[in-house]
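**Q** Dock the two chains into a complex; use the hints.
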Amino acid sequence: KAGVTQTPRYLIKTRGQQVTLSCSPISGHRSVSWYQQTPGQGLQFLFEYFSETQRNKGNFPGRFSGRQFSNSRSEMNVSTLELGDSALYLCASSLRNVASGGGYNEQFFGPGTRLTVL
Amino acid sequence: KNQVEQSPQSLIILEGKNCTLQCNYTVSPFSNLRWYKQDTGRGPVSLTIMTFSENTKSNGRYTATLDADTKQSSLHITASQLSDSASYICVVSARSGGYNKLIFGAGTRLAVHP
Numbered sequence: 001k002a003g004v005t006q007t008p009r010y011l012i013k014t015r016g017q018q019v020t021l022s023c024s025p026i027s028g029h030r031s032v033s034w035y036q037q038t039p040g041q042g043l044q045f046l047f048e049y050f051s052e053t054q055r056n057k058g059n060f061p062g063r064f065s066g067r068q069f070s071n072s073r074s075e076m077n078v079s080t081l082e083l084g085d086s087a088l089y090l091c092a093s094s095l096r097n098v099a100s101g102g103g104y105n106e107q108f109f110g111p112g113t114r115l116t117v118l
Numbered sequence: 119k120n121q122v123e124q125s126p127q128s129l130i131i132l133e134g135k136n137c138t139l140q141c142n143y144t145v146s147p148f149s150n151l152r153w154y155k156q157d158t159g160r161g162p163v164s165l166t167i168m169t170f171s172e173n174t175k176s177n178g179r180y181t182a183t184l185d186a187d188t189k190q191s192s193l194h195i196t197a198s199q200l201s202d203s204a205s206y207i208c209v210v211s212a213r214s215g216g217y218n219k220l221i222f223g224a225g226t227r228l229a230v231h232p
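Chains as they are written, first to last, in the numbering used here: chain A, 1 to 118; chain B, 119 to 232.
Bound conformation, chain B alone (with noise of 0.2 Å):
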């Protein structure tokens, strides 16, 4: 079964901190590996996406890795400001008789903490 697990669910961290974001997933067949921050009261945004042949990509402070190996991806956020303060979701692509399928992850829940 195509699942996405996410881990932390919530982490409290104080402001200038770094912090990591685990995803874990078993999907198959994987396309690719998109992380998005969500705000409250607001829709996802794309931070980074991932292939398979790709083991990192930043975007400012915020990278990613990725282990196609052991299925493994994080979200790393350096220097953390109180506007981090959102949730992140993981979801990953899966390619099935000819259609994509977006497989979600429910989120962490990331406070920022002056």
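Pulled out of the complex, with its shape left as it was, chain A reads as follows (with noise of 0.2 Å):
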């Protein structure tokens, strides 16, 4: 079975563009969460979907927003980029509704975007 999957691997931009990440969940998996992973902040929980409604928010400001399709597939979107975004975002895909399920859900990892915003 494949493993979860993030589009691109790398990416470069400037501040004030706008850039949109996505990540393909394991098959049959329906929740994708969205975290932001930095040297000095470690891991932070962005967001998850779960057939296709947002369940579940952390503390990023409105820049920061995504979807989920009926596949399953998400999207984040991250406008008017400021330096502080460069960072690894990872999704991680689960069976259930992480937000709902006490955490006993086990998420799986995608390999991340690494983003660098100058």
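It should be emphasised that the hints constitute simulated quantities derived from the structure, not laboratory data.
Here the structure is a predicted model, which is why all the values come from computation and not from measurement.
Mixed in with the good hints, there may be bad ones.
[Said to hold, decoys possible] Straight line, CA to CA, 30 Å or less: simulated DSS-like cross-link-like pairs of lysine-lysine:
(1) A:K57 - B:K189
(2) B:K135 - B:K175
(3) B:K119 - B:K175
(4) B:K175 - B:K219
(5) B:K119 - A:K57
(6) B:K175 - B:K189
(7) B:K219 - A:K57
(8) A:K57 - A:K13
(9) B:K189 - B:K135
**A** Written as structure tokens, this is what we have:
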């Protein structure tokens, strides 16, 4: 069974631009969560989508948004990029909704998209 | 405030030696605790998950312990191998208001040298 795939793997943008990242979950998984990982902050939760609906959200500004399609693929968009948005963006797929599942639903992470904002 | 603190921040050991990584948490209400291994340039991979009633869980050379009273967990690696070089992340799940929230530690970076 194929793992979680993320595209693109690397991205360079300049301040003020916007960016869209894509995540394809493991076949059959309906939950996709997005995380930002930086050396100083570690992994921080952005949001989770399950059955095309956002189920949980972290403490990020409205510039960060996402959506999920009927085939469970998910996209994350960051508008008006700032230098501090440079990070590794990870998505994780799970069979069931992590937000309501008590955390027992194992998440499988993709390799991430390395975003650099100049 | 829900927090997960890991120590040490980084660790260097020789191949074949054992090591123990620590995770202290102030998360309430506690649901479960998971250890992840993250190789450089890759996403984290789950090693173990422990609930309130579990004290020890093993996965090959990895053994996790949990003391729910003191809110401490440890990950013990036996007979380390070069492939153990990675970051190890402790994640605690808290349940509040019908929603599950994951609190991530900053990780311990382990380097195994020959």
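**Q** Hint by hint, say whether it matches the structure.
**A** Here's how the hints hold up against the structure:
Proposed proximity of A:K57 and B:K189 is supported: the alpha carbons are some 26 Å apart, at most 30 Å. Between the alpha carbons of B:K135 and B:K175 the distance comes to roughly 20 Å, so the proposed pair stays at or under 30 Å and holds. At roughly 27 Å between alpha-carbon atoms, B:K119 and B:K175 fall within 30 Å of each other, so this suggested pair holds. Distance hint between B:K175 and B:K219 is fulfilled; the C-alpha atoms sit about 22 Å from each other, no more than 30 Å.
Between B:K119 and A:K57, the direct Cα distance comes to roughly 18 Å. Compliance with the 30 Å bound is thereby established for this hinted pair. Restraint check for B:K175 and B:K189: the C-alpha separation of about 16 Å stays at or below 30 Å, so the hint holds. Taking the CA atoms of B:K219 and A:K57, the gap is about 10 Å. The hint holds against a cut of 30 Å. The hinted pair formed by A:K57 and A:K13 meets the criterion: a straight-line CA distance of about 25 Å does not exceed 30 Å.
Pair hint B:K189 plus B:K135 holds up; C-alpha atoms about 27 Å apart against a cutoff of 30 Å.
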